[in-house]
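Each chain is listed here by its residues.
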Amino acid sequence: MFLINCPFCGERDQSEFSSGGEAHIVRPKQPTELSDDEWAEYLFMRKNIKGIQFERWNHVHGCRKWFNVVRDTSNDKILSVYKMGEKPPVNYK
Amino acid sequence: MPNYRIHKTEYIDETKRVSFKYDGKTYFGYEGDTLASALLANGIHLVGRSFKYHRPRGIVSCGAEEPNAICQIGSKKDLTEPNVRATELELYEGLEASSQNCWPNVKFDIGGINNFISPLIPAGFYYKTFMWPKSFWKKVYEPLIRLSAGLGKSPTEPDPDIYDHKYVHYDVLVIGGGVSGIIAAKMAAKNNLKTLLVDDKKILGGSTIYQNNESIKIDDKLSSEWLKNEIQEIKKLSNLTIKTRTSIAAYHGYNFLLAKENLTDHLPEEKKKNKIRQRLWKIRAKKVVIATGSIERPLVFNNNDRPGILLSNSINKYLDYYGVTCGENIILFTNNDSAYETSISLHKKGIKNIIVDLRKSASSELIKQAESLGIKIYFNHVVTNTFGYRKINSLEIMKLSEDGNTTVGNKIRLSCDCLGMSGGWTPMVHMHTQSGGKLDFRDEDQVFLPKENSEDQISVGSCNGDFDLENIIDKTVNKINKFLDIDNQDYQDTNIICSKENDKRNIWLLPNKIPLGKTKCFIDFQNDSTAKDIKLALKEGFRSIEHVKRYTTTGMATDQGKLSNMHALGIIADTAGVKMGTLGTTTFRPPFTPLTFGTLVGRNVGKFFEVVRKTSMHEWHVKNNAEFENVGQWKRPWYYPKNGENMHDAVQRESKAARDSAGILDASTLGKIDIQGSDASEFLNRVYTNAWSKLAIGKCRYGLMLNEDGMVYDDGVTTRISENHYLMTTTTGGAANVLSKLEDYLQTEWPELDVYLTSVTDHYSTASICGPNSKKILNKLFPNLDLSDENFPHMSFKEDKLENINCRIMRISFTGELSYEINIESKYGNSLWKMCIEAGKEFNLTPYGTETMHLLRAEKGFIIVGQDTDGTMTPSDLQMDWIVSKKKYDFIGKRSLYRSDTIREDRKQLVGLLTDDPKEILEEGAQIVSDIKSKPIDMLGHVTSSYFSPNLNKSIALAVVRSGKTMKGQKLIIPMENKNINVTVSDTIFLDKENKRLNA
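Note that the protein sequences, when read in sequence, are chains A and B. The numbers in my numbering rise by one with no breaks, and the one at position 40 of the first sequence is 40. Numbering-wise, my numbering comes out as the position in the second sequence, counting from 1, plus 10000.
Worth flagging that the hints you see were computed from the coordinates, not collected in a lab. Among the hints, a few may not be true.
What the hints assert, rightly or not - Here are the simulated lysine-lysine pairs, BS3-like style, with alpha carbons at most 27 Å apart:
#	chain 1	residue 1	chain 2	residue 2
1	B	K10376	B	K10217
2	B	K10235	B	K10221
3	A	K77	B	K10272
4	B	K10272	B	K10801
5	B	K10623	B	K10827
6	A	K77	B	K10438
7	A	K29	B	K10886
8	A	K83	B	K10741
9	A	K87	B	K10368
10	B	K10349	B	K10368
11	B	K10741	A	K65
12	B	K10642	B	K10451
13	B	K10535	B	K10500
14	B	K10741	A	K29
15	A	K77	B	K10194
16	A	K83	B	K10286
17	B	K10235	B	K10202
18	B	K10286	B	K10482
19	B	K10887	A	K29
20	B	K10894	A	K47
Claimed, not checked - Now the stretches of chain A that chain B is said to cover, found in silico as 3 or more residues with beta-carbon under 8 Å:
#	region
21	51-57
22	66-76
Stated by the list, open to error - Covered, in the sense of this in silico footprint (three residues per stretch, anywhere, with C-beta under 8 Å from a C-beta of chain A), are these stretches of chain B:
#	region
23	10744-10756
24	10885-10894
Each residue gets a CB set at the ideal place from its N, CA and C atoms; glycine is no exception.
If we strip away everything but chain B, and leave its shape as in the complex, we get:
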């Protein structure tokens, strides 16, 4: 097996060998490796196939920007993870990784045929191709596209890992632990500011930590040696927290940031167990220092995507940090000085290399050094093509013309096994722009830079466009002193020597003799978009960068265009003849690198996913086999199946029992608002449509609440407990919103009213007993209470004691039956319920759930706000004009009831529907029409509630129908998938129109 690890470094522990599997084969690396460095050490460059053309692709970078080396980790159904960047994944014993987007394997991939038919699949291919015939979409195109869409495989079972969230507050947050971040953190912490320094790597130091060029020195030491001392020093600072393996995912307003800390991803399987995998830090910082550095740019030329072509600086890091060389015969293609550092490093380790430089000539310390070492440099040359299928084996270079627009002279063919490219550097302005910062454009080296605009955040170092070490350190120190309003002198006498870059030449799309249409100049490696695609988009009329991006999918892969966006912009600017600075950038959106859902949800999974509210009687319901329904956060009994009943049978039995003898419902979830104050009556007058002043103490009244737009908002019964004391009930789901709305009016519109509102929903439990035998049951529970109609009529309220515990009893009815609601302090709810059940045994008192409640009220035509209404129904639409006071001068929503729209007669109105076949039950939500022949079919409305009534022995339904009020007796049609159902419009009250049962 080849070994490309050619020298020892302090970051690789060669005493600790680590075995791992890649594409099923076992390899070895060392502790300190990433998956990428270990693969390279084994001579493996080819790690995947590109998304569209299935071209062989190799490792390109050594960090978060990696577009190609993304792999599938593990194979377990619950733990496998797709799209993990091999360049960031720390190697651990037992790691299993595989390449993605290839079949049957990465070396021979059937999809590779796409490369040869590529002229047939240009940008916008999908939009252009899969349009006709229309009928093909569902059966042919969509399944085919789905088959080839997406990268990697998602886990199919729930994530068993543990994730955590943590809130922290700091004076200063420093993002990035490179040289400028370390200086900023030290300055802040030493000046008594509580500071947090985060870095996504395993160790601090950025790219300076492995720097070893003699021409770059600080205080007469190699810059890496100097920085190591600094790191030792900051580790001693007590008010500095350092978090490595922690990357900022999002920078929100008001310096609120989310950071992901990796805790176990680098550990072997057995050590991961029962530990928190990742922690999401929710950081509030008074000030934020952004020191996120910069990313090296690739160069855009024909076949720039072959395995073995890497970023030049990454070759340097693999060499000096991991001790791995990416080849034995390397060519570096550059437009700036940084590739010379790589070249010199390679040369010193005995790796043969030559430089192809775009620039006509260049001079600096680094270049002199390279020249003196005898490294061959081709100035004013450009790479025009590369060769080699699974790995680069040679390339062609040509001379550039004076203006750089074309190539001249003869091709020179050079052999190589690795190509390093350096197109300059792109400052990582992601954090700055996410925080709301704007950008400036610097023409000189074609970079977007943060525009300082905030007192709360600042960018320092190369993410601010300062590229040489002297510049970085001097500027960082000055800026931080000013930004934090401190006077730190630590770096006053620091002596920095570094090579200065003097010459620049940037060409976004490198010239070639071959016509563009026949080249493959890749811009976005992961999404396979080329310079040709960008030009095609422009030709087809796209101008906005956001549109070009979406049409060509440039920058839309999992790497979010970290390597590609600038080139796309540059080519658009050049082609359209506009300045890049005026073109602007696409939006930098969080997260910076992908996050797993697990990290985002933290502990809020399973039973902690959502708050669950249970009534005091919940335990009894569970014991008695209740099926539950979620109503808001509440768990409400839905029905109580007995002896294997299905839902229909249980509901039919419960409904019948409630009307024949007695039923009991847990009504504890209804919203309850305690209203007190000398203006309570006036307040109710203003919030309900009906009048309240004359309601006698001890009486109850039903009220309808509107929005200011006249639409029904909520309903419920309110009881006058004493002169200035009311108890309002609301719908279960509406309770919180009603309280908010009432508070809003009280605090902002009517602050003069003396009214106090308190939510008491959780304070009381409610058992509602209905049916002809309910009075007998009440009598057993409250033997001293006079239940006669004279003393305790319908819509009134009494207080009594149940074994010394106070109860509030309302005689109110949502079923149309004689009915009592017993309210007791919540802690006694379960006892109350059990006593009711016990007392009701001889009367077949039947517990019923929400479904039976809905059915019983529908028989009586009582509405449920939110089911029969949808925020577009006025009281009149509901045929409830009787509840709207004509006398009251004003109430919420009154004026809207006679707007031109609300008085229209052809509004949708609530009606009853009876099916011609009494056994046919309509589907709720079904559309209603009168004529199915004329097209388009005129939709008149829809079914809102539908049940089979066991008490009437027929199907009943409520519906909203256009002009429904005037349609009684009319025939309508409900068209369903396989039949049309004939119905007749009826009254909304199906049972006991005379309300005799209320006093039965």
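Okay, chain A solo, but in the shape it has when bound:
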């Protein structure tokens, strides 16, 4: 059970949060211009990597804010948290 450092509330138990999958997938501004394949890329394709992953979490039973998390999926260590709209930390790639 993770301890997650919500950027708005501080460290809380994982049970207060829900996960929202991979981060930094931007909804296309003009979906109508996209081919089926391009739209499918946005809609369905996720990396799901073993290692350092950027993901979205929601403090759903807390402040209800969404934010980003850098997590090493191989050992579940959370390396960094940052707010929506902020640039991802550069030292993880």
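The hints should help you fit chain B onto chain A, whose structure is shown.
Showing chain B alone in chain A's frame:
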């Protein structure tokens, strides 16, 4: 009665005699005994029958690893508990226990015949045997297997005991109160760290606490005496919490651990009453010290499972801790020094014993001591067979060859009444691996050891592979200082003297002249898997340890292979010619020892099992005999039976009344989201399929919400309350998810929008009144409100007061009738409802529940998201193309509506179905086909909603059918178990296609 309690110890209080029943017979023990020690004191070794072959089995160990001595406690239907380890169960007055897996009794068991037909039931027997003929499975094989499956009997009535949960936070958690755990806890606590020390036993001290060998001393005292002082000292430390009878069940990530504390299991029945039985501790610790010790290994030889064969160290504990000897003529069979401690202890208490040692020779302080006492030692010998049915009475030993692969010379037969075996020690790495830690393999003594890989947890003592006392204490002190970043000097000058083991020899499967196929070399005592089974699995092509485990069921019993896994691994490695270290282990999964469901659920039972949401009108519904339906967490009135009506009759009456005069529904549970901000209209444009900018203030509009994949997600009516203020309604079940989804888009995709969302579901109660007389009822409630169609048309909204309380009134309809929804602050909900009922009396205003609501909307072909849709339906599939704006540039899911898959014409589409026999009501979920002759039958779809409509006097149904849109008028078939039902595809709207009733 024989008495094997041969000397006094400080842990057994002989002034307090305890009587207990075992297999119906009364025995006596003393306070401080476990059930196992008390049975042994009474000379009872035979305690059960093995699972598969029903062989007689005896107590093997003295702890959590016990595979054989598992028993059924009590006989009450609600309190009986199976699979309790007698070695852990503390004796109490009135305890009733019985052996398991035997009939008619443990001494004579019919199932024992399996032992003689064992060549017929090898590993994988079930997979191989019960395949043919196929038809036998259901009627013959399965009932037979079920009869013999499982150990013990589950209680059949709810558990009346009380269980508790507790959350705690500590700087340091120390698991295990043996010598290394005690040192670690003392060091941590003395350095101002808030520390918790847990141990599963009744008292601290591990195996050192009863140690009494003169060759093992600390500061010139017996190690047990020294440790007792330490325990006295740590009990004084204010920031150290000590929890005994507490075992860690699971070690999760981020140092989150679950521990079970036993509070009353050791108390007599009358003292258990009204007390919390067990407490589940949910522990968060900044750092965790694992000091869980090690388990002695058995040895694998022919007939190594007879009653009277125990682990050597357990014989020692029964003797020195409980004062009980396991026999009067004992043989110890070992490959290491620890059995010598047992031997010396036995010898000192006058118990005759000899040692059979695998090793060619060995020298150490302990061995010298044994030799000087004149204890007979057979070096380089191996036990090849044992004899005695209900208890061992003799055994055969032979000399080992130079390479240890075979036996040489003549058999020597030795008589005995007890055999102690010691195959070395297995560090308990369960906690380490559960936390995510990896293992290293040490070839020298064939053990898996924790690989240090974390700043947050560390293993010390024998669970880290440090076996002699000097090593344990020195290493523990150094490691803890480093781990906690402290500089504790308490043990700087501690002087430790102990015997050092110099010689090792390990053979996983001991050689024998008898062919393996004719031996019974048990590896897993509880699941009856033998060395032969493991070899068979390998022969049949299994290679992965995980596969061999499942095929042979090794390590899959309630003891989870604590004694067997290493031997299985060793034999696989030897047979396959690979190194054990490269083979890896099976996964160590929680819980470490079985937990009852009661402990896991704690207080969340009965009415606390799940959160229940009730509307303000709930009390009225109850008083008026409503039957309730669970919708999410909500309790919604389902129907209101009158004068003994059944559900069908009540629903027919309610449905008719709603259309003939007036009906009232508690609609409070619908999700309500308050949307405000200067971009609220734009926001709605983006989340709904239809256009919202032009919706006038005071008007309502129905909206359909999609997922980004184009599938219908939710629906509901949204009202524009003012320029920048909307009230959205969602389905009852979807409310929370819709809010989450909207927040997601607002916060992450469109942060530029000025929109604020607030859930107001609980803030308002809603009474929905429908039917031709609804306007008259509204007029009585709101005499000053102009209800004319000009002033208050369908899909519009007004505010008015009911006795000075503000109400929001929407003229919207989910039934197709003229209909009003009155919203009021929740605390007035019940009053509103009562006033509506009162005002409606003269119009036969009939309260109706969700079932009637479903029926009425089905007559009108209105969908219910989640019933007529299942996450694969687009608006077009629902024949709702009219609600998808062609003009809007974008909305959630728009692009997906013309993906190659979503524009397919043969998708499943919503249609109406009419049965040829108007009285025949279809089953929801029934499959729909067009041709039942060709096989396989082509499935076209299924029925999603089905009712008998009292207003149309016929059965109606909605269904999703492949290419359904083009099938109107076509005949289809619903094949049921005993008949085929003929139906015709129809329009989805069955009643009032012209919507005349909306303005009736």
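How the hints compare with the structure:
1. B:K10376 - B:K10217: holds (25 Å)
2. B:K10235 - B:K10221: Since the Cα atoms of K10235 of chain B and K10221 of chain B sit roughly 20 Å apart, the hinted pair holds (cutoff 27 Å).
3. A:K77 - B:K10272: With Cα atoms ~43 Å apart, K77 of chain A and K10272 of chain B exceed 27 Å; violated.
4. B:K10272 - B:K10801: violated (59 Å)
5. B:K10623 - B:K10827: holds (18 Å)
6. A:K77 - B:K10438: The given pair, whose Cα atoms are some 16 Å apart, holds under the 27 Å limit.
7. A:K29 - B:K10886: holds (18 Å)
8. A:K83 - B:K10741: holds (18 Å)
9. A:K87 - B:K10368: Violated, at roughly 71 Å.
10. B:K10349 - B:K10368: holds (19 Å)
11. B:K10741 - A:K65: holds (12 Å)
12. B:K10642 - B:K10451: violated (71 Å)
13. B:K10535 - B:K10500: It is violated: about 36 Å lies between the C-alpha atoms, which goes past 27 Å.
14. B:K10741 - A:K29: Judged against 27 Å, a Cα distance of about 18 Å means the pair holds.
15. A:K77 - B:K10194: Holds. K77 of chain A to K10194 of chain B sits at ~24 Å (cutoff 27 Å).
16. A:K83 - B:K10286: Given pair K83 of chain A, K10286 of chain B holds - Cα atoms ~26 Å apart, limit 27 Å.
17. B:K10235 - B:K10202: holds (15 Å)
18. B:K10286 - B:K10482: holds (15 Å)
19. B:K10887 - A:K29: holds (17 Å)
20. B:K10894 - A:K47: holds (24 Å)
21. 51-57: violated (count 1)
22. 66-76: holds (count 3)
23. 10744-10756: With 5 residues closer than 8 Å to chain A, the region 10744-10756 of chain B meets the three-residue bar; holds.
24. 10885-10894: holds (count 3)
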